[in-house]
Structure formats: C-alpha cells, structure tokens
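> Chain by chain, the residues:
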Amino acid sequence: MNSMRAPSSAPALSSRQIAGIAVLLVAACVLPFVLGNYQVFQITLALAYAIALLGLNMLTGYNGQISLGHGAFYAIGAYTAAILMDKANFPYWATIPIAGFVCLVAGFLFGLPALRLEGLYLALATFALGVAMPQILKHKGLEEWTGSSMGVVIVKPDPPGWLPITLSQDQWLYFFTLAWTVLLFFAGWNILRGRVGRALVAIRDQPVAAQAMGVNTALYKSLTFGLSACYTGVAGALGAIAVQFVSPDSFNIFLSITLVVGVVVGGLASISGALYGALFIQFIPNIADQISKAAPWAIYGVFLIALMYVMPSGVAGAIRLARRRWFDKARVAAPEKAASPPGRDVQV
Amino acid sequence: MELLVHQILSGLATGGIYASVALALVMIYQATHLVNFAQGEMAMFATYLAWTLMQAGVPYWGAFFITVAAAFVVGVLLERIVIQPVENAPILSVVIVFIGLLVIFNSVAGWIYSYTIKPFPSPFPQNSFLDNKYLSSHDMGSALVTLVVLALVFVFFRYTPLGLAMRAAAQNPVSSRLVGVRVGWMLALGWGLASAIGAVAGIMVAPVVFLEPNMMGGILLYAFAGALLGGIDSPGGAVLGGFLVGVLENVVGVYLGTELKLTVALVIIVGVLVVRPSGLFGKVHVARV
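Protein chains in written order, with my numbering: chain A, 1 to 348; chain B, 1001 to 1289.
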C-alpha cells in the first residue's frame, strides 16, 4: 500500500486528464438519450453508489479507518429522505442536503468513540453497526416514521416545468443525480488533493509522526468519519429516490460489504476508483444473477481475495500502472516530448 | 422472578454457544492477532456438511465427529493457502481477505443448499433425564457439550507438549522457532482448532436457529461481544464473556423487547472498546512509540 500516489500539489490536472473528464461528461450527458429507461435507472443507481464509495474511500482508503458498516449511513440517508418526503411533504431536492447533514452529525458522533479504536477494533465496531442497523430501523419506537418492516414508499419526482426539453422521469432523475455526483466529486477532489488530503494520508501511514508534525489527529479522524458518512448519506438519499422505496432489510450487512467490495475493486485511495467500483457493484450482480442467485457474492469474494494478492490498488491502480508503462515507452521513443512535470510522481 | 430465573438459565444455554464461537475467535487472535470475520460462516458451512452426512444416512454422532474432523482440516488448509500470503500485509488487506472468505462461504452454501430454511435434528431427545422445569433437553445438552469442549481445550493447552508449543509460538514466535517449534504450522493448527470448535457450535445452535446460510450472522456478533467483554486475548475470559452476553441478551429481551437484541451486542462492543478495551480479563497493551 506504500505505492499510492500522494495528492499532488503543482499542476492540478494534466491537459490529458482534463480532456478525459470532458469526454466523460459529454458521454454522461448523451447516454440517457441513447439508452432505455431501465438502463438509465441502473446508471442513476451506479452514480449514487459512486458517491457512497468516494465517501467510504476517504475514510478507509485515504485515512486508513476500516469501516465495515457504511451501509448503516446509507440507510440513515435513505430514511431521512424518505421520511421527509413522506411525512413532512418536503420536495425531493431539499431532502438531499438534509440527509447529508444528518449523516454528517451521525458519522461525527460515531467517529468520536471510534477515535479510540484502531484497525481491527474499528472494523469490529462498524461491523456490529452494520449488522444491527436493520433491527434498529424495525424498532417499534420508530414505527410511526419508518413504517417498520413495511418500509416507506416514495413518489417518483416529475421533471420540473422550466426545462426547455421534455425528459422522462428516469432521465430527469439521472441528470439530478449526475449533478450531485459531479459536485461531490469536485468537492472531494479539492479536499483530498491539498493540505487536508496530505494530513489524512499522513495519519494513515504514520500517525505518530503526523501528530508530531502538528496534525490534529483526533479532529481530522472524527471529521473524516463525519464527511465520509455525509457522502454516503447523500448517496443513500439519491438511491432511495431512484428506487422509490426504503425498507430495513435492503440495508443489511451485505450492503456494507458491497460498498467495501466497490472500494477495493475500484481502488483504495483513488477518486476515479469510486466510479469503476460503482459500475462493478451495479452491473456485475446483474450479469452474474443469470448463473445463480449466489453467484454475484461468490464473484465478489473471489475478487476481494484475488485483488488483495495481485492488485491491492484495484482497477484504478491497474489503469495507472498501464498508463505509466505506456507513457514510459513513449518517453523512451521520444525523450524530449514526454518529460513529465515535476511533482507528479511523488510516492508516499 | 420465575421469568427472570428462566431467562437467565436459557441465557446461559445460548451463552454456551457464544462462548464456543468466542473461544474460536480468541484462539485465532492469540496466534495471529487477527479477528476472523469468517468464523461464523465457516461454522455454518460445517453444519451444512453435517446435515448432508445425516441426509445420507450417517448416524448423528458419526456425522458430528466426521464434520468436526473435516472442519479441522479445512481450517488448517485455509491458513496455509489463503491467510499465510497476507500474514504480514497491512491490517486492511487481512480484514478484506476475511470478508472475502465470509462472502464466499455464505454464497457457496446458498448456491449448493439454497436459501430455504431447514430443520436440524437435536441429539438430545425430549422428555429425557435432561429435561427440567427451566430448560429443554437440547439447551441442557448443548451447554454440556460446550463445557466438555472448553475442558478439552483447557487440558490440551495446559497439559500437552503440543499445546505448550502452540502457546509458545503465539507468545514469542522468534524464540520458539529457535528452540525448534514450527511456528507456521502452529498457526495453522490454531486455525484448525478454531474451525473445529466453530463447527461444534454450529451443530449445537442449528436446532435452535434452524439451518440457513445466514444463521451465524447474529451469533458471530454476540461472540465478538463476548470475546471483547472477557478480553480478546484471554480464553477463559472469552468463555465467561460469552456466557455473560447470553444472559444479558435474554434479560434485555424481556425488558426492552426482542427487537433490540442485536443492538445490545453493538452497545456492548462499542462500550467495552471505549471504556475498557482490554476487556475484563485481558492484558492491557502498552505500545512503545
């Protein structure tokens, strides 16, 4: 895990990266007009997962705090959105920031005792949170709001009237989710590439040295927990609106494990990895389901173990490696052209 | 009052199961300082094996011992093949490998045996001499089996050369290797024993919770809570912790409703870790900076 690149300072993005992101954004805007409604819905869910994965990756990949219970925060976000819409008649768009804020507080509060827990013990505590969450949601005392095991049904939002073109509900929801994804990825990238990101990685790799250098370890760790939960909560709210339904049993421990799978497959401590991981956990089960109901999980398990052996940095790491090999070759061929700008290859 | 006594006693019976799984967790923790998240699913898989043997006509105790032996072998192989390569990797990688194992065992069991719930026989007939006013004969019988397992483990570690070698390997691997203990194999043996103990727990709990791929989820959580409460590096403490958690779970179930049982485990785990991370009987670790 030592070969992860530090969030680099100097030029933020190379021109090639900017071009790549532009192409990706254009493709993302064209996609819903090419695909059918169901596929658009699936990609909307994948985008929501991507936000959750970025949140979990901040905590686990960048800051080294293992969470096996992030499904709980996804559930809190989803329920916040659902209850606000169902009981308080909030418009759907207003529930997203509230869900994020509720999860920020919940994550920060859970992060406080988590400060005393390291590595394995934090994994244990969060695992317990993930296992216990469905039961808490089903509890009698909350039944009035959560509808117990019946769950809450949400009405699918219509596209607003001010749009110049007519969109289907699925297409509108897709663009709504895409906007949140772009916003949160941009914010996450800004947080992680600078001073804060360096502090997080320093806490992960050398906690004592980080503290000696003046990093407020306790504050950073609990804030990261809060921020990570906030991202996951926003994802939960977006996912709930897309699915139009929340119920306790859809937020069991396997959701938390799915998120871990996404982070590991996509690439620990990588922002783009969240996208690859989200596509993986959204589409692999659909394909594997045709073999057997259990097949997706068997594949997940094999991927988890195999990646830890051969490619701990996941898909993003593999792509990074391939790209570097490719450009190294190009550099040998034309040495004067491909001199990389200083500071881009800093290793932690 | 009658109700409370009843709940405490049946709490002790389920606590025995938690104690066994907690003991299995502690065995692996002592040897490798890792907590095996796949422990519950390994036990579940072993229970399915016992069920298959019984369906094929093997008598109960025959199936029981074959399963325990098979679980031992699988545990040793797992350590040698899957765990050893990541032994010195960062803790995150190891936890992810454990989660991978958990998922694989769970899904393969679902694949082979489907997710439908199956009844599992109890070896202790109803209305036998074990039956009494408070506990069913299965509760009594499984508590007895648990105690026998605990006694065997104690005797093994305290009085046999192999047990001594295993303790030495866990405590000081470098010196143990110098005096000729094969440390790697001792770890594998620890995994084998843990897996076998887990199999016993699985077979004993299956008549109560019924056989299905997710049956050990809650039990693993209680075992975690028990092991942490007693002290994760103390076998005796973990056993006591398991019993305590069993009783607590049942008593809370009476007063707060059964829907919060898993939350009790969560509260115990977080509470112990925050207030007294070494548990009741564990060693306090002092790290040198």
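These are computed hints drawn from the structure, not numbers from a lab.
Think of the CB as a built atom: it goes at the ideal place given N, C-alpha and C, for glycine as much as any other residue.
Warning: the hint list may mix true and false statements.
Claimed, not checked - Across the chosen pairs, the derived CB separations fall in these ranges:
| no. | chain 1 | residue 1 | chain 2 | residue 2 | range |
| --- | --- | --- | --- | --- | --- |
| 1 | A | Val310 | B | Val1267 | 51 to 57 Å |
| 2 | B | Pro1085 | A | Arg325 | 23 to 29 Å |
| 3 | B | Arg1080 | A | Trp326 | 47 to 53 Å |
| 4 | B | Tyr1255 | A | Ile319 | 51 to 57 Å |
| 5 | A | Glu143 | B | Pro1085 | 35 to 41 Å |
| 6 | A | Gln39 | B | Val1274 | 45 to 51 Å |
| 7 | A | Trp93 | B | Phe1210 | 33 to 39 Å |
> So does A/Gln39 sit 45 to 51 Å from B/Val1274, Cβ to Cβ?
holds, 46 Å
> I want to verify a distance hint. Is the separation of the beta carbons of B/Arg1080 and A/Trp326 within 47 to 53 Å?
violated, 38 Å
> Measuring from beta carbon to beta carbon, are A/Glu143 and B/Pro1085 in 35 to 41 Å?
Since A/Glu143 and B/Pro1085 have Cβ atoms about 48 Å apart, the given range 35 to 41 Å is violated.
> That 51 to 57 Å hint for B/Tyr1255 and A/Ile319 (C-beta), does it hold up?
Between B/Tyr1255 and A/Ile319, where Cβ atoms are some 55 Å apart, the hint holds.
> Do the Cβ positions of B/Pro1085 and A/Arg325 conform to the proposed distance bound of 23 to 29 Å?
Holds: the Cβ-Cβ distance is about 25 Å, inside 23 to 29 Å.
> Is 33 to 39 Å right for how far apart the beta carbons of A/Trp93 and B/Phe1210 are?
violated, 45 Å
> If I claimed the Cβ atoms of A/Val310 and B/Val1267 lie 51 to 57 Å apart, would that claim hold in this structure?
Hint violated: Cβ distance 40 Å, outside 51 to 57 Å.
This entry does not satisfy hints 1, 3, 5 and 7, going by the numbered hints stated previously.
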